[in-house]
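Make the full structure from the sequences, and use the hints.
These protein sequence lines map, in sequence, to chains A and B.
Residue 27 is where the first sequence starts when you use the numbering used here, and the numbers rise one by one after that.
Residue 27 is where the second sequence starts when you use the numbering used here, and the numbers rise one by one after that.
Note that these hints are calculated values from the structure, not bench results.
Remember, it's a predicted structure, so these values are computed and weren't measured experimentally.
Any given hint could be a false lead.
Listed below are the simulated DSS-like cross-link pairs for lysine-lysine, each with C-alpha atoms no more than 27 Å apart in a straight line [stated by the list, open to error]:
(1) A:K134 / B:K134
(2) A:K130 / B:K134
(3) B:K134 / A:K137
(4) A:K134 / B:K140
There are 2 protein chains.
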Amino acid sequence: MSKRFSCKQETLTASLRGHIWIEGSEGTFLGYGRIALLERIREYGSITKAAKSLEMPYRKAWFLIDSMNRQVSKPYVVTSAGGRKGGGTWITSEGEKAIAVFWKIHEKFQKFLKRQGNAVSSISK
Amino acid sequence: MSKRFSCKQETLTASLRGHIWIEGSEGTFLGYGRIALLERIREYGSITKAAKSLEMPYRKAWFLIDSMNRQVSKPYVVTSAGGRKGGGTWITSEGEKAIAVFWKIHEKFQKFLKRQGNAVSSISK
Chain A
27 MSKRFSCKQE
37 TLTASLRGHI
47 WIEGSEGTFL
57 GYGRIALLER
67 IREYGSITKA
77 AKSLEMPYRK
87 AWFLIDSMNR
97 QVSKPYVVTS
107 AGGRKGGGTW
117 ITSEGEKAIA
127 VFWKIHEKFQ
137 KFLKRQGNAV
147 SSISK
Chain B
27 MSKRFSCKQE
37 TLTASLRGHI
47 WIEGSEGTFL
57 GYGRIALLER
67 IREYGSITKA
77 AKSLEMPYRK
87 AWFLIDSMNR
97 QVSKPYVVTS
107 AGGRKGGGTW
117 ITSEGEKAIA
127 VFWKIHEKFQ
137 KFLKRQGNAV
147 SSISK
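Here it is, written out as C-alpha cells:
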C-alpha cells in the first residue's frame, strides 16, 4: 500500500461508449455479431461464404443462426437443401425487419451516447 | 447446408440490454467494474479488502486505480503510506463525482433501453 499512484496533469479526453443487444429466452438473441452474419448471408447467399468473410467457423455461424431461428415463430434464415447447385440460403422478410429494427435502435443509441457525453465531460475537470 | 434449421412456434420474449463505459486516452477509463472497485474502496478504506470482496487480484485492482488516476488531473483514489495502521486509502471528491455521474448516466441508459423495448417487441411477432 506504500506505492503512490501517479497522476498526470492532463485533461481527460473522455467519451461515452456502449453496446446493445437483444436478449431472448436463450440468452443473446440479436447483437452486432449476429446482425453482421445476417447481412453477410444476404450478401453471399451462403452460410459458408458469410462465415468465411467474418473469419468465423462455419459451426459457429450455424449455431448462431439456429439460435435465432429457434427463438422466433418465423425463421430469419432459410436454406433450401440439395439441387445441382447445392441449395441456397437467404434472409426472410422477418429477418430483414429484425436487421432494420436493430440498426434503428443502434442509431438512437448513438444519439443517446452523444447527448450524455456532456455529462461525461463534467467529470474530467 | 442440408441441415434444416429448427423453428419453434413460440413467441419471442425479447428485451433490449446493453452496457456503457467511458473511454479515455488509454482505452477504458470508467466502467461497471471500475465503479464497483471505487465503491468497495470507499466501503473498506483498503485496496486489499476491496479487491478481495470483488474476487479480484490485488495487482489488477491496483492497475485499474492507477489507470484511472493517470487519466485525470486530480486522482480518484489516494493512499497514505506508513503509520502504525499501515496507511489508508480513500476516494477523493473527484472520484465521488465520477461515481455519481456514471450512475446517473446508467439510470438514463436504463430508461432508454426500456423505451426502445417497444421497438424490440415489434420484431418478435
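Going through the hints against the structure:
Between the alpha carbons of K134 (chain A) and K134 (chain B) the distance comes to roughly 13 Å, so the proposed pair stays at or under 27 Å and holds. For the hint pairing K130 (chain A) with K134 (chain B), the CA-to-CA distance comes to about 19 Å; that is within 27 Å, so the pair holds. A threshold of 27 Å between alpha carbons decides the hint, and for K134 (chain B) with K137 (chain A) the separation of about 13 Å falls inside it, so the pair holds. Pair hint K134 (chain A) plus K140 (chain B) holds up; C-alpha atoms about 13 Å apart against a cutoff of 27 Å.
Going down the numbered hints, you'll see the structure goes against none, and every one checks out.
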